[in-house]
Amino acid sequence: ISYEANTDKTCPVNLTNHAYFNLAGEASGSKSLDHVLQLSSGHYLPTDQGLIPTGEIKAVEDTSFDFSNAKLIGRDFLTESDQKMAGGYDHAFVFQPEVTDGES
Numbered sequence: 007i008s009y010e011a012n013t014d015k016t017c018p019v020n021l022t023n024h025a026y027f028n029l030a031g032e033a034s035g036s037k038s039l040d041h042v043l044q045l046s047s048g049h050y051l052p053t054d055q056g057l058i059p060t061g062e063i064k065a066v067e068d069t070s071f072d073f074s075n076a077k078l079i080g081r082d083f084l085t086e087s088d089q090k091m092a093g094g095y096d097h098a099f100v101f102q103p104e105v106t107d108g109e110s
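Note that the numbering used here has the sequence shown beginning at 7, numbered continuously upward.
Any given hint could be a false lead.
Stated by the list, open to error - Cut-off 30 Å, straight-line C-alpha distance, at most; resulting in silico cross-link-like pairs (DSSO-like, lysine-lysine):
#, residue 1, residue 2
1, 90, 77
2, 64, 77
3, 90, 64
4, 77, 15
5, 15, 37
6, 37, 77
7, 64, 15
To be verified - Here are the computed distance ranges between Cβ atoms for each label pair:
#, residue 1, residue 2, range
8, 16, 65, 27 to 37 Å
9, 22, 87, 21 to 31 Å
10, 68, 12, 17 to 27 Å
11, 30, 54, 28 to 38 Å
12, 46, 96, 17 to 27 Å
13, 83, 54, 18 to 28 Å
14, 13, 33, 37 to 47 Å
15, 82, 56, 20 to 30 Å
16, 84, 22, 14 to 24 Å
Keep in mind that the hints were calculated from the coordinates and are not lab data.
Being a predicted model, the structure only gives us computed values, none of them experimental.
Using N, Cα and C, we set each Cβ at its ideal position, and we do this for glycine too.
Take these sequences, add in the hints, and give me the full structure.
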């Protein structure tokens with residue numbers, strides 16, 4: 007999948023694909039909350055009740071959104087108000103520049 011975006015002013019752009027996968031396979035009996043995830047992201051974008059980013063940028067450190075070290079997705083699931091309002095991890099993560107520079 008290749009995405010490109012152009013905007014008329016500075017704003018967050020969250021290009022995504024909503025193809026959801028169970029990486030263990032449908033017949034495995036495993037749930038996506040049992041998967042281990044690690045992200046090079048220091049921040050995330052909180053959303054409003056319509057799941058639209060509020061414009062605020064929050065640090066992930068010491069929150070359920072902190073995947074800087076590998077952890078089970080379900081470990082901290084629905085433990086904070088930002089997650090509860092969204093019904094889970096339905097947020098944009100802001101990746102570290104070395105992840106998005108196209109060279110690393």
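Each hint tested on the structure:
1. Between residue 90 and residue 77 the CA atoms are separated by roughly 19 Å; this keeps the pair inside 30 Å, and the hint holds.
2. Taking the CA atoms of residue 64 and residue 77, the gap is about 20 Å. The hint holds against a cut of 30 Å.
3. Of the pairs offered as hints, the one joining residue 90 and residue 64 holds, with about 16 Å between alpha carbons and a cut-off of 30 Å not exceeded.
4. Using a Cα cut-off of 30 Å, the hinted pair residue 77 and residue 15 is violated, with the two alpha carbons roughly 36 Å apart.
5. Distance check on the hinted pair: residue 15 and residue 37 sit about 40 Å apart at the alpha-carbon level, beyond 30 Å; violated.
6. Taking the CA atoms of residue 37 and residue 77, the gap is about 14 Å. The hint holds against a cut of 30 Å.
7. Taken as a hint, the residue 64 and residue 15 pair is honoured in the structure, with Cα atoms around 21 Å apart against an allowance of 30 Å.
8. Against the hinted window of 27 to 37 Å, the Cβ-Cβ separation of residue 16 and residue 65 comes to about 20 Å, which falls outside the hint.
9. In this structure, residue 22 and residue 87 meet the distance hint of 21 to 31 Å, their C-beta atoms being roughly 23 Å apart.
10. For the hinted restraint 17 to 27 Å between residue 68 and residue 12, the CB-CB distance of approximately 36 Å leaves it violated.
11. For residue 30 and residue 54, the hinted distance range of 28 to 38 Å is satisfied, since their beta carbons lie about 33 Å from each other.
12. Between residue 46 and residue 96 the beta carbon distance is about 20 Å. The supplied range of 17 to 27 Å therefore holds.
13. Taken as a hint, the range 18 to 28 Å holds for the pair residue 83 and residue 54, whose Cβ atoms sit roughly 20 Å apart.
14. At about 43 Å, the CB distance of residue 13 to residue 33 agrees with the hint of 37 to 47 Å.
15. Taking the beta carbon of each, residue 82 and residue 56 are about 24 Å apart, inside 20 to 30 Å as hinted.
16. At about 21 Å, the CB distance of residue 84 to residue 22 agrees with the hint of 14 to 24 Å.
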